[in-house]
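Protein chains: 8
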Amino acid sequence: MADQLGVEPVNDYALLDIDREKRLGFPEVVFGENKTSAQLIGIAERMSAHTSRLLMTRVDAAKAEQITACVPGLHYHAEACMLTGFGPAPKPERGGYIAVVCAGTSDLRVAQEAAVTLEMMGSRVERITDVGVAGIHRLFARLELIREADVVIAIAGMEGALPSVLGGLVAKPLIAVPTSIGYGTGLNGLIALGAMLNGCAPGVTVVNIDNGFGAAYAAASIHKQTRRET
Amino acid sequence: MADQLGVEPVNDYALLDIDREKRLGFPEVVFGENKTSAQLIGIAERMSAHTSRLLMTRVDAAKAEQITACVPGLHYHAEACMLTGFGPAPKPERGGYIAVVCAGTSDLRVAQEAAVTLEMMGSRVERITDVGVAGIHRLFARLELIREADVVIAIAGMEGALPSVLGGLVAKPLIAVPTSIGYGTGLNGLIALGAMLNGCAPGVTVVNIDNGFGAAYAAASIHKQTRRET
Amino acid sequence: MADQLGVEPVNDYALLDIDREKRLGFPEVVFGENKTSAQLIGIAERMSAHTSRLLMTRVDAAKAEQITACVPGLHYHAEACMLTGFGPAPKPERGGYIAVVCAGTSDLRVAQEAAVTLEMMGSRVERITDVGVAGIHRLFARLELIREADVVIAIAGMEGALPSVLGGLVAKPLIAVPTSIGYGTGLNGLIALGAMLNGCAPGVTVVNIDNGFGAAYAAASIHKQTRRET
Amino acid sequence: MADQLGVEPVNDYALLDIDREKRLGFPEVVFGENKTSAQLIGIAERMSAHTSRLLMTRVDAAKAEQITACVPGLHYHAEACMLTGFGPAPKPERGGYIAVVCAGTSDLRVAQEAAVTLEMMGSRVERITDVGVAGIHRLFARLELIREADVVIAIAGMEGALPSVLGGLVAKPLIAVPTSIGYGTGLNGLIALGAMLNGCAPGVTVVNIDNGFGAAYAAASIHKQTRRET
Amino acid sequence: MADQLGVEPVNDYALLDIDREKRLGFPEVVFGENKTSAQLIGIAERMSAHTSRLLMTRVDAAKAEQITACVPGLHYHAEACMLTGFGPAPKPERGGYIAVVCAGTSDLRVAQEAAVTLEMMGSRVERITDVGVAGIHRLFARLELIREADVVIAIAGMEGALPSVLGGLVAKPLIAVPTSIGYGTGLNGLIALGAMLNGCAPGVTVVNIDNGFGAAYAAASIHKQTRRET
Amino acid sequence: MADQLGVEPVNDYALLDIDREKRLGFPEVVFGENKTSAQLIGIAERMSAHTSRLLMTRVDAAKAEQITACVPGLHYHAEACMLTGFGPAPKPERGGYIAVVCAGTSDLRVAQEAAVTLEMMGSRVERITDVGVAGIHRLFARLELIREADVVIAIAGMEGALPSVLGGLVAKPLIAVPTSIGYGTGLNGLIALGAMLNGCAPGVTVVNIDNGFGAAYAAASIHKQTRRET
Amino acid sequence: MADQLGVEPVNDYALLDIDREKRLGFPEVVFGENKTSAQLIGIAERMSAHTSRLLMTRVDAAKAEQITACVPGLHYHAEACMLTGFGPAPKPERGGYIAVVCAGTSDLRVAQEAAVTLEMMGSRVERITDVGVAGIHRLFARLELIREADVVIAIAGMEGALPSVLGGLVAKPLIAVPTSIGYGTGLNGLIALGAMLNGCAPGVTVVNIDNGFGAAYAAASIHKQTRRET
Amino acid sequence: MADQLGVEPVNDYALLDIDREKRLGFPEVVFGENKTSAQLIGIAERMSAHTSRLLMTRVDAAKAEQITACVPGLHYHAEACMLTGFGPAPKPERGGYIAVVCAGTSDLRVAQEAAVTLEMMGSRVERITDVGVAGIHRLFARLELIREADVVIAIAGMEGALPSVLGGLVAKPLIAVPTSIGYGTGLNGLIALGAMLNGCAPGVTVVNIDNGFGAAYAAASIHKQTRRET
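Chains as they are written, first to last, in the UniProt record's numbering: chain A, 1 to 230; chain B, 1 to 230; chain C, 1 to 230; chain D, 1 to 230; chain E, 1 to 230; chain F, 1 to 230; chain G, 1 to 230; chain H, 1 to 230.
Hints listed in this document are in silico derivations from the structure and should not be mistaken for laboratory results. Check before you lean on any hint, since a few could be wrong.
Straight-line alpha carbon distances no greater than 27 Å define the calculated DSSO-like cross-link-like pairs of lysine-lysine that follow [unchecked claim]:
1. E:Lys91 to F:Lys91
2. H:Lys91 to H:Lys22
3. C:Lys224 to D:Lys224
4. H:Lys91 to H:Lys224
5. B:Lys22 to B:Lys91
6. E:Lys224 to E:Lys91
7. C:Lys224 to C:Lys22
8. B:Lys91 to A:Lys91
9. G:Lys224 to H:Lys224
10. F:Lys224 to F:Lys91
11. B:Lys224 to B:Lys91
12. D:Lys224 to D:Lys91
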């Protein structure tokens, strides 16, 4: 049971931040990568007593199978490696949409992580895929859809140039996500990250490598403010 | 004279993006660090024909003196190392404000760069200084002012922990700026940057080291959307 | 048999420092990661002739099974990946306790390594889990327990901010342990390490990434001095 | 004037943590490197109203001259690049002493920073200089003095091997300080730091490169506990 | 005097590769940065006996003044920091031209180094300046001129995205030069270099940071082959 | 179906650049490493409607088996990990040849990737293997064959010295490919890359680590120009 | 068959340096790690026609089994991961011996690689194991044996301090080998390498991480000179 | 006065290792870079009581002037930035010579540091300058002189390829010295160092960047053994 400070232990391995949904508008999101299935089950069960929305990131298929067998009301998004709950997918809570733009086919897992997060947080999503800068007319072919978005998330690996180009074409908040796609001197995404941080288009902000979730959380936070009056 | 593509050369060293203000809402901003005074004078003069707003970053005092002697209507902000023009400071164009929060006295130059940029772009600013996490009650003493902002910019060097703590306390878009303040293993800001990218509070986005301008540009872009109805 | 210099060979692969317990107060601790089961068995057997306390770190379950089958009196701590011996767990040898504080559920293995080491060295332990800075009231909910400790060990991955915050709240010796938990730019713990070394709270000292054992050894060494009169 | 939260602004550039001395036993220490003389003067003047002990680190001779001309009661320690105040040097507050051991003549500035800090915090200091491992009998010639200390601070640049060797010889808490002394692949102290973090002697803890102050603060904190009964 | 192996010593500090012009088509080029004026004068004098073409790179204005005072027939290119000789500038030796494209005003020194080298090697040059990707219509405004070149040199600092975009638009050999322009995480050009090596447009090759000379030498070598029949 | 912008989607995961062959002379090349077999099959099928030439790099044997079972007309090159199609191998389209020179037996996979790419693009290839600089007479034994090439590709891991030596002996365009062969401080090819970028022979250009394809694409682009009249 | 330049191809994947034994005193040594069993068999067979001494390094047990089944006269050294041939082990060819000193049990594989190489090259070896600096009396217990050697090889991972200490005690040529043993900030041996390069004992030279073979080759080369008259 | 342990303090800043000359054959060498003139004078005066040979490295001209004014019998080698004493230059103490080979004119300071050290230690030196691998016939022109040496020191910056090439041509102990000469990705010598550590010629050993002294000390130590009978 949560104590008066809004804190509730799960056995001896976790301390849930029960107040978080009230304080910040969305419950604690669970990072699944370094936790055991048993720990994730315990956390999910406890959270089901406090919230109707659960988001677990970086859950592989094997863990997902074990968890969904134990905890009712969860849905596994295989491309995004995410578990969501409890119950049916939420409806958009506000007008407008967020564009999730990715440079290559290989960046899709990260794009899906962003899209599922956004939908859980009540934003509508438009997906634009495989518009990297080496064939730049592909980007122009989708430019209107991007320009009409309230917020843009730009995802790219390798040389990470997509946000720089977009930043010069689109007058909307733009969040860049470097991915670990590439090889050799790509350094598992560090070059893409560096390129995004050093882009000459002003106003692009950046999140950690492969962090589709973080970009989506930030985008939803902007979206909520933008559309609070609607 | 700008050609039909909205491009205008300045001698043989620059190609102004004249359409930018119409396309993106703010004219090209000039990065002063690697340009000569002569180049900056040439660019400022040419821009004065096309816009009433000029922003030059990373201009040291010596260059500033030469440029203001040649180009009328410029104002030098010594703490921020910036030149703005043309004419008097702009008035806030929308309601609300942006909180520019910095962890230590040494981070002030970057905070000033952010504040001047925001004011040039029409946003009101509240400055909160020296509230680093090693004396965390200082932060709590200013928390309400931060929570009421439309967007928060959090600036910190050394271990860069301020955005993580703020991200768990404030439900607003939060942009983190690592600074190069520190020594030894601080690696001129790389550790602060890394800490901000790896923060466990979701939704924090990050810009380049010492890039107060970039954070402000992104914040203003969010602010414009948020308050577009006013 | 140990020669006059207090040195005893184990076959041709090890040279035990037999005098160590007398010289430093605790026998040689065996790092298990890069040694074969056969080597570890040989070392354990030889040490059983000289000491009643054995500590082996970084021993996985498979090796542990082989070793405990050969050497009597050993106990395997699965969460901590450690073997201890010989015989029952030692009792606390002094008053007071050491707080082992960790930021997230994923840091538990390192916390357990620290706790088992401390108990083997005669110190009582209080475990405080999942109090990372992104939900800082969780930390405040446990603050008194931490403040009453004789020494504090603070364990965190990702942005490694916990020791900085604690260092401003607690007036006790504080040892920080970065963990390799995280991804992308976390660089397997290098960012957490860097943040801890650059923390603005004075007096925090740091050990190697994931080195729960080393932090505990240092903490016990302080604890022994602090409570030598009891 | 400090408000009820124990926080007091100095103009618009600093926010003093007035409660710190009561909370943690020593007032806020001022890092001088990135602050202007004017800021340091303002901070020193304000602190003089609240405490009789002031410590400013990384103050070069030029700044020191300006500050001592304005603020009475300060003393400049040129070798250590520190300012202390207010009034005469404090007397040892407890029995025993701390050994400040350094590997080479070039490490002296860091050793002096540690020694001045310790003396300000009430601990007696023994200085042992130029006992690096390449002439290891020099270390043995001073070993008894080191062994009798309550805490040992070991300072070394280049290959940073001194703490490893000491850690196998001395059964006391041992804090290592890497210095930036060296060239080429020394990487301004990163190799010494790395060597200290990877030392095979257990129980050595480490602080940032050249951070004599931080090591001393930690050592004094241990010393206070050790000798609290005397 | 050159010996039979085509090798000629200059005092005791250099060994000229006299045969190089015959063997490779262009005499040895002298890297001026780490040589004294006296050494450069000695080398220039000796080379004047063997060739009518001299190229010295990275010669600052002070050295240039001393050298031109001693060695007749040299010309100093201040923007490019180069000395050339002997006599008047050479005429184009073949048809077609090479496009030297640079992303920003700050990249001009490197662009000039490339252009002077190309002209010394007999190729005609078209300079296209300030066409970085953040205002991509500036690039399209110059695209035909670039497409008609025999070889393209693309120079950019910061995020280094120009070659990727050009590589998808232009079917000619394309050599990319990263520059050290930028700050913070730009790492003095390493990010631009990394981005160029990881670009998704195939067929872009890269030279060292700021190495305008090397790119020009490679481009001239291609140009010679391309136009060998004319 | 491709729309008017020359862009054609493949389900929701790819956007083919159909115009590329017309625009740049060769169709889009598919990087297979991070794509699933299903995605590669979809892409290959769609491309078969638009081009007679298909090149897929980094396809392992398991994926290749699945793809060739579904898509007719493909050929798998096991040493090069490449799929080519559609139909029989193309004939040389121009005179002369390209020398693919590699330093060691272990560099052969990269050399084969380069050779297959060149042949697909219509250039004849001469392979020269195992002529690393530690037995430099092996290189001299093959020097005439290298000198007669139109373009030279030099492939080396470890210390990456081959291009520097070749660059001083051969007056032809020379493209260097670092490989990830080596261990310890080789840093998976970063040292070889660095050595190639810093080579003192002018005019060598470099591609990403292990990027035999990229070097070949650049070489073919030069070759086409060189032999356009024949 | 070897041509007149002393070069002999093995199929299309290797070019043997047949003259090497005559030129340098020992035949080509084969690095087995990145070669297939088939390639190693081909090379071994061809070399058997030219030399009575074969050394293959980094051959795992599976490859070794395949190779020894095909090529007669080879012996596999499992601890050292080496194959030697042809026939019985060679006898020492000169007086004196080389000391192979290693810091820990985990460094044994590298030590064995050094020892087997030395014996193949005709030098006698004394092995001294587990004498790391954290229990420095273990080293003193073996010091006379080390001092009497003609050359000393010192092998250590982690903080790599052994060569610095030895360098101050022993007046003989000393070659240091860093190993990849360690974890966290050990960076797979880079810290040990850095410590060895920055050691304050003069005259220590260093080889690549884990390169026991290279150190032994260098030591044997010195030994040959030292004892050439005997 | 030296105590019984062979240790003598110089004021409070140094502890001379008086026994070193007897123990290791050469007195302590003083690294001058981070010491003040006053400290160097104190050390030199004290050493003059114990030895007739003094070597101080990294002493700039300004310090040298102050020191030679105070301490009689010293000689300053400006190119090598070294002070030697006391009295006239020593004569060769043994037959044979050591070849100091450097790749470029810019590497001369390091070569001189090596040569002066060798002469002080009693070895004769042959200097071979500017024989880098990009004009490899220059190296062949000097090859016999190198082959006849007892030990070879190979010095190179940039890509550091000289030792690899020499290692395949010369059957003598070979010590490589990377220099910080280069720019951009040369990383102040780290690439040259890496190339030398990864060279495919066996038996090359390496010292720290720019460490001509260390290479010479090691070479002299080998030379002494080689010629001990003469």
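Taking each numbered hint in turn, which are not upheld by the structure, reported in ascending numerical order?
1, 8
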